[in-house]
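Engineer: Below are the chains, spelled out letter by letter.
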Amino acid sequence: MDSWETVIGLEVHAELATKTKMFSSALNSFGGKPNSNTDPVSLGLPGSLPVLNEKAVELAIRVGLALNCEVQKSVFARKNYFYPDMPKAYQISQFDLPINKEGWLELSDGRRIGIERAHLEEDTGKITHVGGGGRIHEASYSLIDYNRSGVPLIEIVGAPDLRGPDEARDYVSELRSILVTIGASDGKMEEGSLRVDCNVSVRQKGDKELGTRCEIKNINSLRSLGRAIEYEAKRQIEIIESGQKIEQQTRHWDEAEGRTHKLRSKEEAFDYRYFPEPDLVPIEPSEEWVKEIADSLPPLPRDRRYLLAETIGVEPTETSLIVQRDLDGFALKAISFKANKKRVLVHLENNLADGTGELTPEAFASLTVMEMNGELTATQTKTVLAELVRAGGDPQEIAESHGFESMDNSELEEIVDRIILENSDDWVVFINGDETERKKKSGFFVGLIMKETRGQADGKMVNQILSDKAKN
Amino acid sequence: MEATEIAKKVLSGEMSARSVIEQHIEIINKIEPDVNAFNLVTAEQALIDADEIDSKIASGETLGPLAGVPISVKDNLCTRGIETTCSSKILEGWKPPYDATVIEKLREAGAIIMGKTNLDEFAMGSSTENSAFGPTRNPHNLERVPGGSSGGSAAAVAAGFSPLALGSDTGGSIRQPAALCGVVGVKPTYGRVSRYGLVAFASSLDQIGPFANTVSDAALTLEVISGHDPRDSTSIPEKPLDISGVLNQGIEGMRIGVIEELSGKGLGGISKDVISRVEEAIKVFSNAGADVESASVPASIYGLSAYYVIAPAEASSNLSRYDGIRFGPRTEAATTAETMTATRTKGFGDEVKRRIMLGTYALSAGYYDAYYGKSQRVRTLIMNDFAKAYEKFDILISPTSPTTAFPLGDKTEDPMQMYLQDVCTIPSNLTGHPAMSVPFGSGEDGMPVGIQILAPAMAEREMFQAAKILESESGKDIE
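Sequence lines, in order, name chains A and B. As numbered in this note's numbering, residues 1300 to 1771 make up the first sequence, in order. As numbered in this note's numbering, residues 567 to 1045 make up the second sequence, in order.
This is chain B alone, in the form it adopts within the complex (with noise of 0.2 Å):
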């Protein structure tokens, strides 16, 4: 059931929240072992904020647009009192004394927490192997990954163990497993949505977005979500979005551009069947009234490169707060610095300590100026190349992934395969526009595709409006 709908019964007193939630908790009980989205499910706690949902309803108080609807959240996002790792062992068991400003969003909304999501470990990875708690399975086909980080995310929506789920995306960590999963998932522009209390990756790319089974369902959950938060400095001074309203007003006259270098022209390794996708995508969108056209973008080739200095770079001072000092487990050796430095070596999964390497000698002194410097340079070549193409176009289109899902330790033992997996979605973490991708049919191999919409910085309306013409054409059975 979709979001919407259950918020509508809820609140009319059709259905109970502790129905909805228990119906859900059913769901979890049979297919999540299967599938590892969750590294903790919150049942008795949803339970129990279900009962209060219920008991205000009966005393006639006013709830918010979300009241009763199950969702999950990335584990990497803080939750008061509430185990939050990260899928990392060097955080395992801390609780956090405090909320993040989407928890808080969402619970004032009257959202239900259903438990914490599997991730690529500090979201690091396409395919939530790199979990300190084993990898999620897709939902479509146990044998394949989500892709990731957010597979957990994914995996749960496309599973139904809630309608609902949140993400992080700093190089399509979102969209990718939506792709992947077959659902919507989307990356707001940076500073949409506040980033209180998500553990950081990196600071200047990472943005929490929504998935959901619906363009709706997504447009719904990233209005609550949505608006200016004091506590985080890079929120844009905006009241929450309204998408809602907008939504079904069509795209006839829009603009909408194919990015020719991320759709097969310029990079390889993107598969004909999800380049049949797009051409179908397009098809759909001039059927509609748009006007599509071929669009070139030529720096967006760069994207993954420049990403992999400054994401690493970041991240290596991010998580260097990771000591075993003041919380999360500590290996204790003979001084404060082998003290620091065993936690760390036990604590960190290799992924990371190879981003954390990287980002280390990327920002060492001599090497700045050709590592990180040269990539922030790369990184205005690609902004500026991007509002060139939008002085043409309203929106662009790309694939979200090169490929459908493939197979668990396919990529592995490769961390190059693995990073090509966000060519087509990190230039928007560069350019902190907004991106989605929506569910558009599937592969050979019966694995779902996904079609990713990009926007301009604060046009997620429009981005929407597209999404919603191409999720209506899909011919896929939407719920």
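The shape of chain A in the complex, shown without the other chains (with noise of 0.2 Å):
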């Protein structure tokens, strides 16, 4: 198995956040009652054109530019197939000439995946099959909702650039963060306004030329991203070291079941006989228009990261969970109130995984600031962190009415002789014995010390003593 390498390119739709749909007045909206939201364009009632949602371009414009693509004269083209979900039996898409194109997109290590173009289409209806556990041939009947016929989509085509579930789970995580960020989409996988299509191919390491791919349909989660992709090249690897050929074809992933099945082989695919839509004109954007959209966009994940990791010091990939959590600007908060730097990172990343809560920045950084200057050990300040973000205060109080204050040196070293002469015998192995006794001798010590000071002793301190003392 080690031997392989999995490659990945994802096909990401997500819905824009738009008032009404892309080609009427119809409302863009999720969960409404069943055909509410529809007129006759998004019906595809005879005689309805559909006119371009100029919201949707500036969504789509600023989707390019966040993804660093080339944003230019686009056309709209008809992509044609029969289902019921499809009013028109044809989609608007674009094809040959996508709005954006050629751009990149930055992982959290800093590894930057291929965009290869992001494009405006209209999504379709929903059916639901009623009967038969779901599934469209044991339906005794299907009902179609229209309400999200028309709703406008930006398709991301992703290069086959990613090399593993944890990639690929990373890569989308990024990419919803940008399209939240810059107020494109909300992103919500689990109500559809985010679809993740999935090519999988294998190789051997070090080959140049890519495997025959399956794409992966109905991937409804990150979860399920990572184990499809985990299955899917298990499968491929183990259908290529039994002598046979990958077939490409279309496979669809079963949460329930953990597997992927196959839904039609290429030569099954459909022929869209795509061609320029006609009721449509091309889009021109002027470059002043895609200036001034570029000048509104928000400071992306990956500048948020850098920016962070400048200002502390640190690689940009230790400061992306906080970026991920939208902890950053508290935390440069922080830092202009004067915070430790690295302790800001430390306790952002550790102790602040569920927000901030109560915690002012000014607070952060005094706390901070005591920690270092010794005033409290470790143990304390994350006492007194919780308590500052359960019901806010100032840290100085609150260490005082919690009793916290750092134990002279002296007194410490008293302390630790009357452990060491009352646990003789753990002391000589803690000498004396081998890397593994030593441990655990050494927490075992600690330990003691700290439930003697009540937490008070700072634990480097303690082990600091507790060394030199061996050594005499």
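Honestly, I wouldn't trust all of these hints.
[As the list claims (entries may be wrong)] Some but not every residue of chain A turned toward chain B, in silico, with C-beta under 7 Å: (1) 1345; (2) 1379; (3) 1544.
Quick caveat, the hints were computed from the structure, so don't treat them as lab data. In this text, a Cβ means the ideal position worked out from N, Cα and C, and glycines have one as well.
Two chains, each in its own frame: build the complex with the hints.
Structural biologist: So, in structure tokens, the structure goes:
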């Protein structure tokens, strides 16, 4: 297995956060009564004509710019196929001239993944198969809700640059975070506003050629994405290792069974008979408009990672978690109040996963300073921090109310001596034992001393005293 | 009576709208059984609308320029709550929940809709014989076709059912039946009239336009229905046309070219009597002070070939929505796909199926470039050749149709012969330019002949000025 490499390219569809649909004034909103947000255009009634929603174009350009794409003159095309959820029997999409082409997205580890294109298209209606476990072949009848029909989508086609389930998940998280940050989409995978189709192939490490790929549909969460890729890569490797060839297929991810199964082969693929949509004119965004949109973009996750990393003096990979949690602004504010930068990073990463609550950047800053000055031990700092998150307040007062005062060293040394005396057998093991025994006994002594000092001793100092005494 | 005259009399109170409608219903009742111009006569509603016009006049309200004027509309224009069938079984019984923009504009102008007129199914044909509801007959000779696809509208005007009608023109479907029925028919510049509510055949070619007995009535109707519509993205952002004000300015010094490729010298099949009428028209224009010369538009002869790839390609996509799922009759079968197939097999006629298959093939992977791509390049060539011709000429002329109206059944077995009917009219759809047919004398068989006047994009006014001259000199008894 170790000689194999999994190659992944993702196609992400995101619903754009417009008020109305892509080509009509029917509302774009999730969860309404079935077929309440429809009109002649979204039902594809004879004689109806599409009129492009300018906001959808603006949001698409925002996405393109945020993904470092070139925004170009684009043309709508009809993608023809028969399906009951597709009222016109064609989807208005973009084909050879997408609105955005050739960009990149940076993963949290700094690796850049190519974006081939990000184009505009309309969503389809939604079919519910009733009876037969919800599957079309066994269903007794099907219901169609056209509320989603005509909702604007951006399809972001990534290059086959991803190399495993973790990278794929990281890519989607980062993309989602970008879409939400720039206000293009709410990015809710569970409501279907963000949908991922996944192309998977495998090859021997070092090979230049790509293997035959399969496209996996019906992935509804980041977790399924990882599971589906793992399953599919394993399936393909097994086929190749048994001397067979991979058939290019579209496959369906079954979350309950934890496997993919075949939907159709390449031969059965639709011929979409794309041609330019004659009911619409090409989109030619002016340079000024594109510039205006670029200027209005908020700082992107990547920029924020870099800014925080530079401010603290660490690598951007170390700040990605904080940016993902949207705590980088808080961090920068605390640092502006002269917080200890490294402690800011540590606490935000480890102790503030559930948010900052009532904690203010000022209080956070003074807390890190108290910690660094040795006024508080690490354990005491954590206690005070939890209190600040819960109820706010002044860290100095909280520390005093808990009776947290740093012990002076002579007092600490006396306690250490007393405990060594009381546990002389263990002390001998600590001094003469092998590595494992030493470690075990070190934990034993630190625990006792902490208990004795009610947590007021500085852990580092205790260790220092213990090892000094062991040498003598 | 002319539409302009009716409106004048209704507005002045000299005639009631009700009496106008009653007179026309009487004519319909008498002649319609022979002609079959209508899929549906909305007589009852027309009388209600007439009474409303009359009461508005009585209360001194301002009314539009078509107050009380009866108009027939092609049955591929959506009318709210009124069956719109495209003369196809697949839409039988379908009542649109909205009015086409042109219908709204007609109502605002005070026009009264008399009914929905017959057409070749989905506007595909040149004789109105492809209607699922039986052919329309030419009021000048009931054994002859009225042309098509807007044959019902042309016949309605020729038979006196209404002084005005609306049709749609994708490859000549207004101009050719106008010529064959001896009435005026206009295809405006693409985008001049909103297509919102016109059931699409070939979206890049379709355009709505008027039929009338006179050039000035046609001008007035076009004024009413033209103008920018935000619901049609291909609508030109211009105000409604004003033609009437310049209609009688004459053509002194106008440079007129006779398209030689479409007037007997390039293509065969154009009958001698039609060519003779073109020659007479040249004299009329010269006598009126125009500078008439022969013009060459070499690529125009390829129009028909390009058209029969582009139009079916777009149609194959436009007509895919008729699957029995959301509207129209459904033929149930075991699976969804089989239901769609059964519905479409039963619902579409032969010509529609032929064009869907042609278009589907032309757009298929591997054939796209050879057919659709190439046809679009031919379309560009034709545009370039017309652009060159318009450097030398203000307008161009040609026959509208190669022949006068032919007998029913004459061409139904030979689609190619039928397609050739549109050889002179198709180029204007491919270029998007305006063109109109003006009745001008008759052929050896006594049937009407139409002269086609073509103009560059947006030059409807010059086109109408020439039409007015031709009309005044045709020697035809114009009412």
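Engineer: If a hint holds in the structure, say so; if it doesn't, say that too.
Structural biologist: Hint check results:
{"no.": "1", "hint": "1345", "verdict": "holds, 4 Å"}
{"no.": "2", "hint": "1379", "verdict": "holds, 5 Å"}
{"no.": "3", "hint": "1544", "verdict": "violated, 23 Å"}
In summary, the structure is inconsistent with hint 3 from the numbered list given earlier, while agreeing with all the others.
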